[in-house]
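Assemble the dimeric complex from its two separately framed chains, guided by the hints.
Note that the protein sequences, when read in sequence, are chains L and D. Using my numbering, read the first sequence as starting at 5 and increasing by one per residue. Using my numbering, read the second sequence as starting at 2 and increasing by one per residue.
Because the hints were derived from the structure by calculation, they are not lab data. Mixed in with the good hints there might be a few duds.
Stated by the list, open to error - The calculated lysine-lysine pairs, modelled on BS3-like cross-linking and capped at a C-alpha distance of 25 Å, are:
1) L:LYS77 / D:LYS104
2) D:LYS69 / D:LYS104
3) L:LYS112 / L:LYS74
4) L:LYS74 / L:LYS7
5) L:LYS7 / L:LYS77
6) L:LYS112 / L:LYS77
7) D:LYS25 / D:LYS104
8) D:LYS69 / D:LYS25
9) D:LYS104 / L:LYS7
10) D:LYS25 / D:LYS79
11) D:LYS104 / L:LYS74
12) D:LYS104 / L:LYS112
Claimed, not checked - With beta-carbon atoms standing in for the labels, derived distance ranges:
13) L:PRO13 / D:PRO82: 53 to 59 Å
14) D:ASN52 / L:ARG67: 34 to 40 Å
15) D:GLU45 / L:GLN73: 23 to 29 Å
16) D:ASN53 / L:SER119: 44 to 50 Å
17) D:ASN52 / L:PRO120: 48 to 54 Å
Unchecked claim - Stretch by stretch, here's where chain D covers chain L in the computed footprint (C-beta under 8 Å, at least three residues):
18) 51–63
19) 107–113
By construction, the Cβ of each residue, glycine as well, lies at the ideal position given by its N, Cα and C atoms.
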Amino acid sequence: AQKITQTQPGMFVQEKEAVTLDCTYDTSDQSYGLFWYKQPSSGEMIFLIYQGSYDEQNATEGRYSLNFQKARKSANLVISASQLGDSAMYFCAMREGLSGYSTLTFGKGTMLLVSP
Amino acid sequence: DAGVIQSPRHEVTEMGQEVTLRCKPISGHNSLFWYRQTMMRGLELLIYFNNNVPIDDSGMPEDRFSAKMPNASFSTLKIQPSEPRDSAVYFCASRSTDRSNEKLFFGSGTQLSVL
Chain L
5 AQKITQTQPG MFVQEKEAVT LDCTYDTSDQ SYGLFWYKQP SSGEMIFLIY
55 QGSYDEQNAT EGRYSLNFQK ARKSANLVIS ASQLGDSAMY FCAMREGLSG
105 YSTLTFGKGT MLLVSP
Chain D
2 DAGVIQSPRH EVTEMGQEVT LRCKPISGHN SLFWYRQTMM RGLELLIYFN
52 NNVPIDDSGM PEDRFSAKMP NASFSTLKIQ PSEPRDSAVY FCASRSTDRS
102 NEKLFFGSGT QLSVL
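Just chain D, same shape as in the assembly (with noise of 0.2 Å):
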């Protein structure tokens, strides 16, 4: 298994423009997370989904953050307009659920870099 897949690694942006970040998790699994990483702030959950429906996204820092999973397979996170503050790397993890000791598979990350 090829584990979670995102892309990707690195992005560099001007503030104001709209970046997407892009997930695939591992196969069969039927959860799959968001994640910030900053120094001032650690590992923020951003939003989840379950069987591709968002059940969680109290996380979301504002209305400039999206994030959509339109199969099983695939999952976006999208800033628009982007700001500096932003910059952070951004972590996708999937689970199965089938059993409460199921363990997050984390994803290399995307570091975001808003200039």
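Chain L with its partners taken away, still in its complex shape (with noise of 0.2 Å):
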């Protein structure tokens, strides 16, 4: 079974709107984190926003929030207000276990493309 489903192949937005990227997880751990990055075309991995087990609020940092329903295990990145500059693919991971031996699981990914 996949650690990590992100069942949206593709999303569109137009600017200013919000979107909400669907992440699931599944895990049998107690402990664990759920990041959120960012792919732009240029390639490289950004680092958004990251969300514990035990955190009772949901995360945010600036425009981006994370939707943690833990009961669902679910973990959408929500984003407000788009812009042109968030097209991109978006990664949904999850690192099982709090020790600093443990790895980060990324689902297949999300393409959002904000148009104009």
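As structure tokens, then:
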């Protein structure tokens, strides 16, 4: 079974609108972390936001917020007021366990296109 | 800080040739990761090191792939002999293990094309 599932291969949104990118995860660990990365066409991987499994509040970083629903095992990324520069691939990732020996497992990604 | 530095940015080689990818992690980071990205399989973890010691190499596709980390500031990923199906973007990433929410910092990647 996939540990990270991103069901939307592609999403379209108009500039200034909000968009939600879906991510569900599968783990039996109680302690884990969820990350979102952005990959623009230039190829680099840019960290956006982090949510810990014990965090009671949803994480926010500027226009990015993470809609964390633990019981449903979902960690959707919400981008408010989309900008043309938000057009990119977005990856959800999970780190199981909190030791220094845990790794990140990535989903297949969602391509977001922002139109004027 | 210069970030994670990978070289070369692009590598084009012929099937059967040896390929060596290089990575310099962020100073002070003691975990280093090699990932491979393809359209079909997405981002796959190949191997990771902690304090220069390989911890998990279960993602290395086969014996043609090898990775070393001789010191805290340098790592190599070698493919010998290379095959067309090895064509992909190879990312190196590093992290400090001090905090549980510590993110991975990625290099710019090496685009490998094996003809």
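Hints versus structure:
no., hint, in the structure
1, L:LYS77 / D:LYS104, "holds (20 Å)"
2, D:LYS69 / D:LYS104, "holds (22 Å)"
3, L:LYS112 / L:LYS74, "holds (21 Å)"
4, L:LYS74 / L:LYS7, "holds (15 Å)"
5, L:LYS7 / L:LYS77, "holds (11 Å)"
6, L:LYS112 / L:LYS77, "holds (17 Å)"
7, D:LYS25 / D:LYS104, "holds (17 Å)"
8, D:LYS69 / D:LYS25, "holds (12 Å)"
9, D:LYS104 / L:LYS7, "holds (18 Å)"
10, D:LYS25 / D:LYS79, "holds (15 Å)"
11, D:LYS104 / L:LYS74, "holds (20 Å)"
12, D:LYS104 / L:LYS112, "holds (19 Å)"
13, L:PRO13 / D:PRO82: 53 to 59 Å, "violated (34 Å)"
14, D:ASN52 / L:ARG67: 34 to 40 Å, "holds (37 Å)"
15, D:GLU45 / L:GLN73: 23 to 29 Å, "holds (27 Å)"
16, D:ASN53 / L:SER119: 44 to 50 Å, "holds (47 Å)"
17, D:ASN52 / L:PRO120: 48 to 54 Å, "holds (49 Å)"
18, 51–63, "holds (count 3)"
19, 107–113, "holds (count 7)"
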